[in-house]
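Quick note, the sequences are listed as chains A and B, same order. For the first sequence, the positions run 621 to 732 when this note's numbering is used. For the second sequence, the positions run 123 to 236 when this note's numbering is used.
Treat the hints with care, since some could be wrong.
Residues on chain B that point at chain A, a partial pick, calculated with CB under 8 angstroms [to be verified]:
| # | residue |
| --- | --- |
| 1 | ASN163 |
| 2 | SER170 |
| 3 | ASP178 |
Result set (DSS-like, lysine-lysine): computed pairs, CA atoms no more than 25 angstroms apart in a straight line [claimed, not checked]:
| # | chain 1 | residue 1 | chain 2 | residue 2 |
| --- | --- | --- | --- | --- |
| 4 | B | LYS140 | A | LYS642 |
| 5 | B | LYS162 | A | LYS629 |
| 6 | B | LYS140 | B | LYS162 |
| 7 | B | LYS166 | A | LYS642 |
| 8 | A | LYS731 | B | LYS162 |
| 9 | B | LYS140 | A | LYS693 |
| 10 | B | LYS166 | A | LYS629 |
No lab work stands behind these hints, which were simulated from the structure alone. From the three backbone atoms N, C-alpha and C, an ideal C-beta is built for every residue, glycine too.
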Amino acid sequence: AQRVTQPEKLLSVFKGAPVELKCNYSYSGSPELFWYVQYSRQRLQLLLRHISRESIKGFTADLNKGETSFHLKKPFAQEEDSAMYYCAPLLPFYNQGGKLIFGQGTELSVKP
Amino acid sequence: GEEVAQTPKHLVRGEGQKAKLYCAPIKGHSYVFWYQQVLKNEFKFLISFQNENVFDETGMPKERFSAKCLPNSPCSLEIQATKLEDSAVYFCASSPGSRQYEQYFGPGTRLTVT
């Protein structure tokens, strides 16, 4: 079965420190991978997707197919990065309905 | 609209009562997805629609849950005879299509069953 693991429930860092939010997935195919973020009192929104290879708000994520990981990184955390982060593979539309499979989420807390 | 809208924000029901949640997807989006999040834990997929047709219902509890997306109406998720374990936040998301598949989420409806 498809599964996503985000091992840290809470990650607390100081402003300016590097941050890495871990995500491992188990899936036999090649899913599209996303990171979603939920800031306090706001709706879930897309942060980045692996195929675009872009950096959003200083965050990057590299897909490692060998390790089946998609860790989210930022070299210098800011207080406004404090939020819940969800790793989510998207299953293919043609045979698995195009739904997102979410990890448990990691709460990032950036202290001043 | 430009954002997915969900109503109501909060819903409180006694055990055994019916609950109905609504979702207005972004105009022009073909796909609608419903997810359930219990106690701030994992999101569980419930059902998806392609326009007014059920696309994938593999996550729906068969007995008490039903959903519809009718033309020119908000989509709805209905729970007959609610149980305590139905207490959760229910999120709706819409997507332009199978080739542009970013899902845009609504703010969620918090259902509390007492």
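Results of checking the hints against the structure:
{"no.": "1", "hint": "ASN163", "verdict": "6 angstroms, holds"}
{"no.": "2", "hint": "SER170", "verdict": "6 angstroms, holds"}
{"no.": "3", "hint": "ASP178", "verdict": "3 angstroms, holds"}
{"no.": "4", "hint": "B:LYS140 - A:LYS642", "verdict": "40 angstroms, violated"}
{"no.": "5", "hint": "B:LYS162 - A:LYS629", "verdict": "11 angstroms, holds"}
{"no.": "6", "hint": "B:LYS140 - B:LYS162", "verdict": "23 angstroms, holds"}
{"no.": "7", "hint": "B:LYS166 - A:LYS642", "verdict": "20 angstroms, holds"}
{"no.": "8", "hint": "A:LYS731 - B:LYS162", "verdict": "22 angstroms, holds"}
{"no.": "9", "hint": "B:LYS140 - A:LYS693", "verdict": "44 angstroms, violated"}
{"no.": "10", "hint": "B:LYS166 - A:LYS629", "verdict": "18 angstroms, holds"}
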